[in-house]
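Visitor: Single-letter residue listing:
There are 4 protein chains.
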Amino acid sequence: MADLAPTRSAAGTAPAQSFAAGSPRVIVAGATGFAGALAAHLLWRHPRFQLVAVTGRSEVGRRLDDLYPRYRVPLDIGELELDSYGELDAAVVAYPHAAAAPTVGALRARGARVVDLSADFRLAKLATYEQWYGAHPRADLLADAVYGLTELHRDRIASAAIVANPGCYPTASLLGLAPLARAGLIADVVIDAKQGISGAGRAFDETTHLSMAGENILPYKVAEHRHTPEIEEQLAPLRAAAGAEDELAVLFQAHLVPLDQGELADCFVTTTRRVHDAELAELFLAAYADEPFVEVVGTPPGTRDVQETNFCSGKVIVLSAIDNLWKGTSSQAVQNLNVMFGLPETEGLT
Amino acid sequence: MADLAPTRSAAGTAPAQSFAAGSPRVIVAGATGFAGALAAHLLWRHPRFQLVAVTGRSEVGRRLDDLYPRYRVPLDIGELELDSYGELDAAVVAYPHAAAAPTVGALRARGARVVDLSADFRLAKLATYEQWYGAHPRADLLADAVYGLTELHRDRIASAAIVANPGCYPTASLLGLAPLARAGLIADVVIDAKQGISGAGRAFDETTHLSMAGENILPYKVAEHRHTPEIEEQLAPLRAAAGAEDELAVLFQAHLVPLDQGELADCFVTTTRRVHDAELAELFLAAYADEPFVEVVGTPPGTRDVQETNFCSGKVIVLSAIDNLWKGTSSQAVQNLNVMFGLPETEGLT
Amino acid sequence: MADLAPTRSAAGTAPAQSFAAGSPRVIVAGATGFAGALAAHLLWRHPRFQLVAVTGRSEVGRRLDDLYPRYRVPLDIGELELDSYGELDAAVVAYPHAAAAPTVGALRARGARVVDLSADFRLAKLATYEQWYGAHPRADLLADAVYGLTELHRDRIASAAIVANPGCYPTASLLGLAPLARAGLIADVVIDAKQGISGAGRAFDETTHLSMAGENILPYKVAEHRHTPEIEEQLAPLRAAAGAEDELAVLFQAHLVPLDQGELADCFVTTTRRVHDAELAELFLAAYADEPFVEVVGTPPGTRDVQETNFCSGKVIVLSAIDNLWKGTSSQAVQNLNVMFGLPETEGLT
Amino acid sequence: MADLAPTRSAAGTAPAQSFAAGSPRVIVAGATGFAGALAAHLLWRHPRFQLVAVTGRSEVGRRLDDLYPRYRVPLDIGELELDSYGELDAAVVAYPHAAAAPTVGALRARGARVVDLSADFRLAKLATYEQWYGAHPRADLLADAVYGLTELHRDRIASAAIVANPGCYPTASLLGLAPLARAGLIADVVIDAKQGISGAGRAFDETTHLSMAGENILPYKVAEHRHTPEIEEQLAPLRAAAGAEDELAVLFQAHLVPLDQGELADCFVTTTRRVHDAELAELFLAAYADEPFVEVVGTPPGTRDVQETNFCSGKVIVLSAIDNLWKGTSSQAVQNLNVMFGLPETEGLT
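Protein chains in written order, with my numbering: chain Y, 1 to 350; chain V, 1 to 350; chain U, 1 to 350; chain G, 1 to 350.
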């Protein structure tokens with residue numbers, strides 16, 4: 001039973017990418033993992049970026065559409081050789097934390113703007129990074145980085161040299177919590193987040209084997225998930241601007257559930273005062289009315305459902321659902337690239 | 001594509017049940033649903049109960065092992081006809097709430113002891129029942145009922161006329177929270193519970209269709225799940241005995257995830273004081289050391305994991321996992337029957 | 001556990017469809033089922049068709065994006081009222097067999113061209129239809145219908161009044177077998193086909209409930225699937241043109257496996273003579289080199305794999321994989337509409 | 001996302017195994033894989049065998065119930081040290097092919113009887129083994145081995161020194177085909193087999209990752225699966241005894257489908273003559289009437305279903321379903337051990 005080894009190779013020649021003349025030249029470094037591969041797919045079919053190369057630290061020489069047939073990117077996976085790409089306008093780096101920062105630095109040295117999918121530039125405070133991840137390989141670059149939750153930092157992303165793409169859990173959680181934080185309503189918060197197995201990445205182990213991950217609900221990194229400080233750091237200025245004087249310690253718990261892509265964050269908020277449904281609805285609709293990638297859904301106002309749902313003795317439940325690989329990772333990277341290069345934010349994503 | 005209609009019928013004759021002479025005579029009323037069918041399966045293979053009949057309000061005339069091949073109970077599904085079973089010692093009733101109570105009453109009138117899987121006798125306070133379920137069909141019987149969480153009420157279950165089998169969510173939640181409640185440690189609690197699709201029962205609708213339930217994480221009954229008052233009512237006396245003077249409002253949220261059987265309740269507890277890991281470990285081990293169906297698991301003491309897991313600035317996360325159909329429903333019913341008839345509590349269940 | 005009833009309603013106003021001026025006006029009749037809903041989705045986002053209305057025999061008044069959020073078609077589901085749509089150029093009819101034909105007739109009476117997803121017009125021979133389905137409601141229209149496997153009948157589809165969209169199994173099977181049939185190579189064939197649960201449609205029953213369909217491999221309609229005569233009728237002229245004098249009786253077996261969308265047909269062919277790999281590869285590559293929606297994949301020539309794969313003592317295994325809802329049903333309907341209205345065949349589908 | 005690393009360790013002390021005095025002493029060599037772990041589980045709870053040790057080539061020092069919590073075998077995984085077990089009556093060897101034979105030899109040298117789960121002793125003809133697997137490490141032992149399909153070779157298994165447990169696919173296929181072979185009815189056969197991901201074993205790779213195996217139907221080892229010669233070799237004497245003079249070349253194709261445990265083999269048989277349903281039903285019922293682990297199921301005689309199902313112009317479809325890990329592997333090993341030690345064949349298995 002050991003040698004299951006189906007092979008696949010596309011017949012015929014590869015279709016060419018079609019992009020507008022003068023399009024920014026981009027590479028994806030680390031395209032063999034789930035996040036990098038999806039970023040490559042989105043950039044390949046994007047009408048305004050030119051995908052120059054995809055690289056990997058394994059699978060070199062294999063074609064990306066052999067590794068990920070459904071993404072249909074007919075490029076060979078190469079080693080990262082910065083001298084060989086000509087002038088680069090931008091790069092998406094999909095490396096593990098600590099491995100990413102030196103490559104981001106090398107890309108910056110050649111003038112390329114970078115969207116980094118790792119955690120290396122997500123935390124503005126070096127001390128917090130060191131506490132959760134250890135020594136930082138390129139702390140000197142921290143000041144050049146902007147946290148890449150598009151809806152929160154669109155303006156600064158537009159001119160950023162480095163965009164630190166958020167973790168998938170912080171993406172879902174912060175979109176759910178930001179309107180409450182800005183309104184000074186968060187006294188305390190518990191986040192119970194669940195995502196599909198793709199969130200564990202292309203890891204081949206007990207957490208991803210179908211016979212183990214199937215029929216399972218797996219809590220992991222109990223009360224110590226590295227996404228916690230990211231959420232806290234982003235909420236802090238919003239709360240402070242609304243007058244909060246305390247520091248908020250987020251209690252965050254992550255789970256893997258047996259599906260591929262999908263993520264739900266249940267945010268249980270103890271509010272600083274009692275809030276009426278109408279006020280909550282208004283807050284969220286105002287916050288996201290013009291956002292192309294955020295939908296506010298709920299039952300119609302006035303029903304018993306919405307009363308009980310959003311309002312419960314000084315507590316609010318915000319349910320935030322995303323695709324962990326798309327908005328949670330790779331499509332947000334492209335959304336950020338659109339912002340960085342002055343393109344319509346939805347280009348290539350709808 | 002509409003007429004997929006495979007059929008199955010066992011060839012050969014059915015094996016007989018084997019049980020000890022003088023075994024109590026039992027029926028399962030409502031054996032066509034998931035919970036009743038599993039109860040019938042467990043009783044059929046039980047060495048000390050005699051399964052006299054299985055009934056259903058649909059599928060009458062079909063054999064139960066045709067409806068549930070893997071349970072292998074070769075009895076015909078009949079209508080409930082209390083005159084036809086001879087003397088009955090006990091019954092498991094697996095009807096929806098409100099429909100159960102009249103049948104429980106009829107069974108009591110003939111002297112049979114009842115384990116009721118519905119919600120009809122779970123809440124001791126009539127007012128609470130009426131608030132969540134409407135008028136009670138047989139409120140006169142409430143005083144005869146004991147809440148059937150075996151580990152909490154074993155003594156009273158032994159002599160009970162009616163045992164109200166707990167909901168699956170309260171089973172998981174209360175086993176996780178009871179040691180903390182008894183120790184006076186619960187100031188506040190948020191429960192985020194997830195279970196497989198079998199928890200939706202044999203309902204054929206959008207929540208159970210594989211093409212809809214698959215790749216989905218579905219929160220339902222937001223902040224108004226009927227299991228909430230059940231948890232609150234059971235925790236109240238435990239907290240009161242430990243000196244709590246306030247009422248605890250539990251915030252409970254349920255989800256369906258794409259697996260068959262399995263349930264996890266994350267209980268996020270704000271404690272009344274800071275608690276050390278060692279104290280927590282001692283509490284849980286002391287509470288459950290002798291329980292055959294409760295395992296206390298955790299990482300070895302002294303590691304960073306356990307520190308961060310159980311202890312977090314005055315907050316505790318208790319993770320409680322059960323099979324929603326087994327301990328959550330049907331095997332707990334048999335555990336209770338064992339207690340009621342003086343049998344070893346694990347008989348027929350291991 | 002009966003009242004799981006989450007609701008969803010999009011906030012804000014619906015985006016408008018964007019299509020070119022002068023675009024053909026189309027409706028989807030029967031848009032509440034899986035196939036019709038996907039056809040509506042594809043037509044809504046299509047740049048060259050104007051989706052005028054979506055109808056259903058249930059769910060009237062509900063919005064289609066409430067029923068299928070991910071398809072994002074913001075139209076109300078209405079009853080079919082042919083007087084109310086103004087001039088119609090075309091319609092996709094997604095009704096069950098026998099129910100479809102009268103509606104197809106009514107649409108034809110108003111001059112609309114029809115792609116019918118039912119079986120009503122797939123079989124050219126009335127006697128064969130009657131043998132498998134019973135009386136035909138509109139046999140008078142059979143002569144106006146073309147079998148809608150685009151790759152086989154592109155020319156006739158272009159001018160057809162009625163296009164009978166193939167079943168998903170025949171689509172996969174015929175694409176795999178046609179090159180062999182044309183070459184006179186098929187002496188006998190066994191087809192073992194498997195598809196995901198979406199193939200059972202929006203039926204809420206034992207075949208689709210996740211707790212029953214999960215962990216199951218379900219053969220159904222053993223040796224009597226209605227797709228069999230469709231495959232036989234299409235292969236017959238291809239074989240005859242190559243000189244075959246016998247009639248081919250296809251042995252076809254269908255299965256449901258626990259996934260959502262996806263279909264694999266294993267076609268085990270006994271060949272009329274021994275065939276070499278190189279000849280087989282040439283046959284398939286020649287047949288499909290220019291087809292935008294058919295990929296021929298295999299291991300590189302010369303390896304042991306390809307020898308053993310395609311060539312086995314006068315037997316050939318052809319593995320044909322499609323998405324049962326896309327190429328198997330709805331996207332092929334749009335592919336056919338593109339052909340019918342002189343548009344690029346891939347428009348709106350890539 | 002790389003460091004998902006939940007841990008589990010059972011609190012409290014391990015329950016002891018309960019077995020009858022004088023029970024045969026058994027080890028499971030290779031208990032860390034799926035098949036060995038399940039064999040250990042079945043032997044641990046078996047009332048008549050004494051499970052002395054479980055060994056592994058990895059995970060040494062870990063407890064088996066930490067690796068497989070639900071199997072609840074509280075033994076430490078050790079290295080295989082034949083000197084340390086005292087007298088051994090039997091062993092289950094769950095190693096890969098070629099690795100198994102030397103260990104089987106060492107166990108035989110100490111007098112232990114062996115059930116070998118590998119392919120090393122399944123093929124009686126050395127030449128066939130060499131053609132499919134390469135050089136045989138212990139060809140000298142081939143004569144001591146009996147093919148362990150209990151229903152076919154029960155008598156010889158009872159006194160065998162080495163029992164070669166069949167592959168899961170041959171188990172399902174041969175049980176389905178043997179009655180037809182014995183009756184001289186098989187002219188030709190195509191087998192299309194599907195099994196769950198557990199069939200790929202504890203391999204952590206692209207075939208088992210939920211995000212890749214999910215939503216997939218994966219044919220593998222096209223037309224060259226090593227189970228083919230095993231099926232052919234077993235059918236040969238049955239066909240010969242019924243007068244067949246030709247050799248039968250089985251065309252076998254395997255697939256992985258996204259479930260855990262479960263296997264279905266569709267056997268498409270071209271018969272040597274036309275056969276009536278009644279004859280077929282009689283054949284199968286006669287063959288398996290007394291078999292405790294084989295059920296013959298079908299629709300009631302006289303319906304249209306059974307006519308079309310089993311009888312189709314000289315062709316028969318036999319559908320054979322098993323659990324690939326239970327009857328397909330580990331429980332059949334225990335069934336064989338029961339036979340070898342004169343115990344009731346169903347002991348510990350129902």
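Note that these hints are calculated values from the structure, not bench results.
Just so it is clear, the structure is predicted and the values come from calculations on it, not from any experiment.
All C-beta atoms in this analysis are idealised placements derived from N, C-alpha and C, irrespective of residue type, glycine included.
Just so you know, not all the hints are guaranteed correct.
What the hints assert, rightly or not - Which residues of chain V face chain Y? A few of them, derived with a C-beta cut under 7 Å, are: (1) Val190; (2) Lys194; (3) Glu247; (4) Gln253; (5) Val257; (6) Pro258; (7) Leu259; (8) Gly262; (9) Leu264; (10) Asp266; (11) Phe268; (12) Leu319.
What the hints assert, rightly or not - Stretches of chain Y that chain G covers, calculated by requiring three or more beta carbons in the stretch to come under 8 Å of a beta carbon on chain G: (13) 101-110; (14) 212-220.
Visitor: Hints first: check each against the structure and report whether it holds.
Guide: Each hint tested on the structure:
no.	hint	result
1	Val190	holds (5 Å)
2	Lys194	holds (5 Å)
3	Glu247	violated (11 Å)
4	Gln253	holds (6 Å)
5	Val257	holds (4 Å)
6	Pro258	holds (5 Å)
7	Leu259	holds (5 Å)
8	Gly262	holds (6 Å)
9	Leu264	holds (4 Å)
10	Asp266	holds (5 Å)
11	Phe268	holds (5 Å)
12	Leu319	holds (5 Å)
13	101-110	violated (count 0)
14	212-220	holds (count 6)
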